[in-house]
Amino acid sequence: MTNRERGTGPSLPLVGREALLRTLAAEAAAARAGQPRLVVLDGPAGVGKTSLLRAALDAGGPCDGMTVLYGSCRAIDSGNGYSGVRALFGPLGLTARRGRAPALLEGSARHALPALAPGRVDGDTAPGATYPALNGLYWLAANLMADRPLVLALDDVHWCDERSLRWLDFLLRRADGMPLLVVLAQRTASERTAGPALTDLVAHHRPLALHVPALSARDVETLVRRTFPEAPPRPSFVDTLTAVTGGSPLELQRVLHKLRTAGVGPDDTGARRITELGGRVVATSVHEALHGQPAGVREVARALAVLGPERTEHLAALAGVSAVQAEEAVDLLRRSALVQSDRSELVHDMVRAAILSTVGSAALADLRTRAAQLLSDVGRSPEQIAGQLLLLPRADQPWMTAVLLDAAAQAEQRGAPEAAARYLEHVMEAGPDTPEIRMRLAGVLSETDPARSLALLHEALALAGDVRTRAAVAVRLALICLRVQRSPEGTRVLTEALDALHTALGTDPEPADRELLATAEATLLIVGADEKSTLPAVRERAALLTPPPGDTPAQRQQLAMLTVLTAMDGRSAAESVRQARRALRSPGAAPGAWSLLPASLALSLADETGEALDALETVLRDSRRTAAVWTYVLALSTRAFVHLDRGGVPQALADAQTALDLLEEENWGEGAVTPQIACALALTERGEPGRAEEVLGTIKRPRLEDFAWEYHGYLMARARARYAHGDPESALELLRACGDSLARTGLANPVLAPWWLDAACLLAESGRFEEARAAAGHGAGPAERWGTPRALGYAALARGVATPGPEGIAGLREAVHRLADSPARADHARALLLLGRALLADGAPGEAREHLRDAVALARRCGCVALARRAREELVGAGGRMREVTVSPLDMLTGTERTVAALVASGVTNREAAESLFVTVRTVELHLTSIYRKLGITRRAELAGALHEDTLLPPGLREGHTGPDATR
Numbered sequence: 003m004t005n006r007e008r009g010t011g012p013s014l015p016l017v018g019r020e021a022l023l024r025t026l027a028a029e030a031a032a033a034r035a036g037q038p039r040l041v042v043l044d045g046p047a048g049v050g051k052t053s054l055l056r057a058a059l060d061a062g063g064p065c066d067g068m069t070v071l072y073g074s075c076r077a078i079d080s081g082n083g084y085s086g087v088r089a090l091f092g093p094l095g096l097t098a099r100r101g102r103a104p105a106l107l108e109g110s111a112r113h114a115l116p117a118l119a120p121g122r123v124d125g126d127t128a129p130g131a132t133y134p135a136l137n138g139l140y141w142l143a144a145n146l147m148a149d150r151p152l153v154l155a156l157d158d159v160h161w162c163d164e165r166s167l168r169w170l171d172f173l174l175r176r177a178d179g180m181p182l183l184v185v186l187a188q189r190t191a192s193e194r195t196a197g198p199a200l201t202d203l204v205a206h207h208r209p210l211a212l213h214v215p216a217l218s219a220r221d222v223e224t225l226v227r228r229t230f231p232e233a234p235p236r237p238s239f240v241d242t243l244t245a246v247t248g249g250s251p252l253e254l255q256r257v258l259h260k261l262r263t264a265g266v267g268p269d270d271t272g273a274r275r276i277t278e279l280g281g282r283v284v285a286t287s288v289h290e291a292l293h294g295q296p297a298g299v300r301e302v303a304r305a306l307a308v309l310g311p312e313r314t315e316h317l318a319a320l321a322g323v324s325a326v327q328a329e330e331a332v333d334l335l336r337r338s339a340l341v342q343s344d345r346s347e348l349v350h351d352m353v354r355a356a357i358l359s360t361v362g363s364a365a366l367a368d369l370r371t372r373a374a375q376l377l378s379d380v381g382r383s384p385e386q387i388a389g390q391l392l393l394l395p396r397a398d399q400p401w402m403t404a405v406l407l408d409a410a411a412q413a414e415q416r417g418a419p420e421a422a423a424r425y426l427e428h429v430m431e432a433g434p435d436t437p438e439i440r441m442r443l444a445g446v447l448s449e450t451d452p453a454r455s456l457a458l459l460h461e462a463l464a465l466a467g468d469v470r471t472r473a474a475v476a477v478r479l480a481l482i483c484l485r486v487q488r489s490p491e492g493t494r495v496l497t498e499a500l501d502a503l504h505t506a507l508g509t510d511p512e513p514a515d516r517e518l519l520a521t522a523e524a525t526l527l528i529v530g531a532d533e534k535s536t537l538p539a540v541r542e543r544a545a546l547l548t549p550p551p552g553d554t555p556a557q558r559q560q561l562a563m564l565t566v567l568t569a570m571d572g573r574s575a576a577e578s579v580r581q582a583r584r585a586l587r588s589p590g591a592a593p594g595a596w597s598l599l600p601a602s603l604a605l606s607l608a609d610e611t612g613e614a615l616d617a618l619e620t621v622l623r624d625s626r627r628t629a630a631v632w633t634y635v636l637a638l639s640t641r642a643f644v645h646l647d648r649g650g651v652p653q654a655l656a657d658a659q660t661a662l663d664l665l666e667e668e669n670w671g672e673g674a675v676t677p678q679i680a681c682a683l684a685l686t687e688r689g690e691p692g693r694a695e696e697v698l699g700t701i702k703r704p705r706l707e708d709f710a711w712e713y714h715g716y717l718m719a720r721a722r723a724r725y726a727h728g729d730p731e732s733a734l735e736l737l738r739a740c741g742d743s744l745a746r747t748g749l750a751n752p753v754l755a756p757w758w759l760d761a762a763c764l765l766a767e768s769g770r771f772e773e774a775r776a777a778a779g780h781g782a783g784p785a786e787r788w789g790t791p792r793a794l795g796y797a798a799l800a801r802g803v804a805t806p807g808p809e810g811i812a813g814l815r816e817a818v819h820r821l822a823d824s825p826a827r828a829d830h831a832r833a834l835l836l837l838g839r840a841l842l843a844d845g846a847p848g849e850a851r852e853h854l855r856d857a858v859a860l861a862r863r864c865g866c867v868a869l870a871r872r873a874r875e876e877l878v879g880a881g882g883r884m885r886e887v888t889v890s891p892l893d894m895l896t897g898t899e900r901t902v903a904a905l906v907a908s909g910v911t912n913r914e915a916a917e918s919l920f921v922t923v924r925t926v927e928l929h930l931t932s933i934y935r936k937l938g939i940t941r942r943a944e945l946a947g948a949l950h951e952d953t954l955l956p957p958g959l960r961e962g963h964t965g966p967d968a969t970r
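Quick note on the numbering used here: the sequence shown kicks off at 3 and runs consecutively.
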């Protein structure tokens, strides 16, 4: 057990809670068995929820033998991000740089540090990112559970900060198979400060709800007998006591303590004294305890109520007494059962409320102001000081504003946007209207509330008085518009601000202004290229820009986007490659994701797929290191398309499926499109068009037809799936729609979405050669201009299939030759198939069989099962002999299973694989069990060999082996 101790002053024995303890024991037993549990204790103030928790967590109780972390939330800390987490983990001393901290904070758990210590900064992660701390805390909990089952008990959760509750939700969603028990205690009908976070947590996980009721008259009698063992209670005493206290253990404690101290027994006299107290037992007893005390004692009580548990000298400073007097006052309050027996903390929040009820509103505001100044003077963190300032009607003094701004920066740094927003909102309420505060608040809300963020940025834009500020605001606004699929709005605002900035700065701006211009131009290219309605104007603007040297991050970003737009025009692959390489050059800092991702796309279109993969590996490596999971998903999706360009269907499917799994895990799938498109294309190549169409059916983005990149990929994926399903007419309709949309948008690159090649092949197969030649003609000129082996191979292939006879065969031979020199292995296999078919029709079965055999072999190596089967059928029809193309055990692996298998085969542990993929160890273990079964192996040592074998024993021959070391 770790930190379960919590004294409550003179406490009563626990009675009437046996059934609740038995239920908690059953939940703890289930947790020990790897069935995670969430329990919510609910009851009115003073009903004894804390005492029940303490009994459950104490040695010999239901949670005996488990690692227990107990924390109590406080109203003063409710605005402090991760304060609930720190209450839980604080006693472990993880921020002290000694003891168990290094082991518990290994690997991804290191990202938990900013949440655990307000002053600690995670240098690997970007300020404002929420995922790293959530993920780091998850791994910290997992490390604890590696030793023993874990109990997280959070008391007074109605005052918990929202970020801590979001983390508990994050943890429980990943807790399958983990020995975890989470117990939350909340006050019935209390005013919650956690907003929707607690409601969401309960809704997502459907906890066991345990209501803690008031004590019955029989339970009250038991307590009276234990308090007055020498005198049996009179029934009138018990009845009166039950009626006046309502069976509240806290009120019972106050009354019985008062009677015992006054020498009054449980008789009729005692019953009359109880009646005199009336219904507000706690408040009345507190007021009586303070009445007649010296002024210094009352001031110390108020200081305790405002500051909470504090060092004696700090209480003395706020109360205006000496340290000795403060210590004597605390002892006196302890004897009055107002302060905990083991530390300087009031016994209950109801006592705190009763003390503060004696202070007027103006005096209380002054007390809190002085408390904030005191905390500042003794060097407390800005967030601790801000906790006092948030309780003031207005924090309008300059030093208060400075503290709140520092607190917001601290909260942003550790990924607590709700806390940062609360501090900034308080500044906005008290201070003058400035665009800077609105910009900061908008940045904080960009992830959790993008609609409010946009509204704030529009307000900031209206308040901005100079062109530089307007440009900076417009950049942020445009990027949030991109996130919420409102790119035209962002493009319009940023274009206006950028034009005004150019006019004001002239032709020779200062270095800082040049960087602002480059940032704004790069952002405009990114946002304006998102939708078809804005892409033509952005392309026109890009054509007028002089490519920058790429010496700064903003210039590299701008250069990377110019590279993509140059590639989209299809004018010169060589020029696109030169620009992309300049964008990837890093004379100072390494290029960021917004430079690497666009550059990799341009490189892949220009057949430089090796360099594209290198750039994407950099993004993936950096995003794993920084826990930037959204960037990781973008890079995986982009790499899936590069793998498809290279004919690596299994690799493409692995990346796309991994990206989709992450999107589903984080509930980010609403606007996602590219992982589904890549996954569908790969599934169709594997001969699973039905599954491909199911995946495409999961796309939920509204107005998909308005988007410049995703829409055309979507149409190509649907067309290929429809054709594979035996519906060529629907496929042809989709391909023509793709071509029309590309033409209207002005996207002329021949290999971006080669609808004309697919249409030519489809039409030629139906004997509609004239239409096939017309389709091929759409790509001939652009392919010649682009000039890569793949583009020229596509053009030769389309021309060849559209032209019967020797002339067509010559075109197909050229296609085979050119595609052999390109990275497009799957397209090379398709050209071999079409050449073999044409030679067979021309009366050359011998040569036809040779090409068809090569087509089968190459298609199988690419993972193009459907293409391999078609080529094999043609081969057999030409008189050749070949066994049926069957699905190998490797082909039976899902995309994510391939990713896990490759990682584990490379030598990483299950834990390292889980951290790399942002999943749980349990998920990796389940995947490995499935992998072992499908591949017919039983040990990790066999995995590397199985992944490199072309043929394996059918898994059915080894049925029943599930891989005993899958859990290593």
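Don't take every hint at face value.
[What the hints assert, rightly or not] DEER-style ranges, computed between Cβ atoms:
{"#": "1", "residue 1": "Ala822", "residue 2": "Gly783", "range": "16 to 26 Å"}
{"#": "2", "residue 1": "Leu210", "residue 2": "Asp60", "range": "36 to 46 Å"}
{"#": "3", "residue 1": "Ala822", "residue 2": "Asp742", "range": "37 to 47 Å"}
{"#": "4", "residue 1": "Gly109", "residue 2": "Arg494", "range": "19 to 29 Å"}
{"#": "5", "residue 1": "Ala592", "residue 2": "His727", "range": "40 to 50 Å"}
{"#": "6", "residue 1": "Arg746", "residue 2": "Pro395", "range": "55 to 65 Å"}
{"#": "7", "residue 1": "Arg24", "residue 2": "Val380", "range": "38 to 48 Å"}
It should be emphasised that the hints constitute simulated quantities derived from the structure, not laboratory data. Note that CB positions come from ideal geometry on N, CA and C, so glycine has one too.
To see whether the hints hold, each was checked on the structure:
no.	hint	result
1	Ala822 - Gly783: 16 to 26 Å	holds (23 Å)
2	Leu210 - Asp60: 36 to 46 Å	violated (21 Å)
3	Ala822 - Asp742: 37 to 47 Å	violated (33 Å)
4	Gly109 - Arg494: 19 to 29 Å	violated (45 Å)
5	Ala592 - His727: 40 to 50 Å	holds (45 Å)
6	Arg746 - Pro395: 55 to 65 Å	holds (58 Å)
7	Arg24 - Val380: 38 to 48 Å	holds (47 Å)
Consistency with the previously given hints fails for numbers 2, 3 and 4, ordered from lowest to highest.
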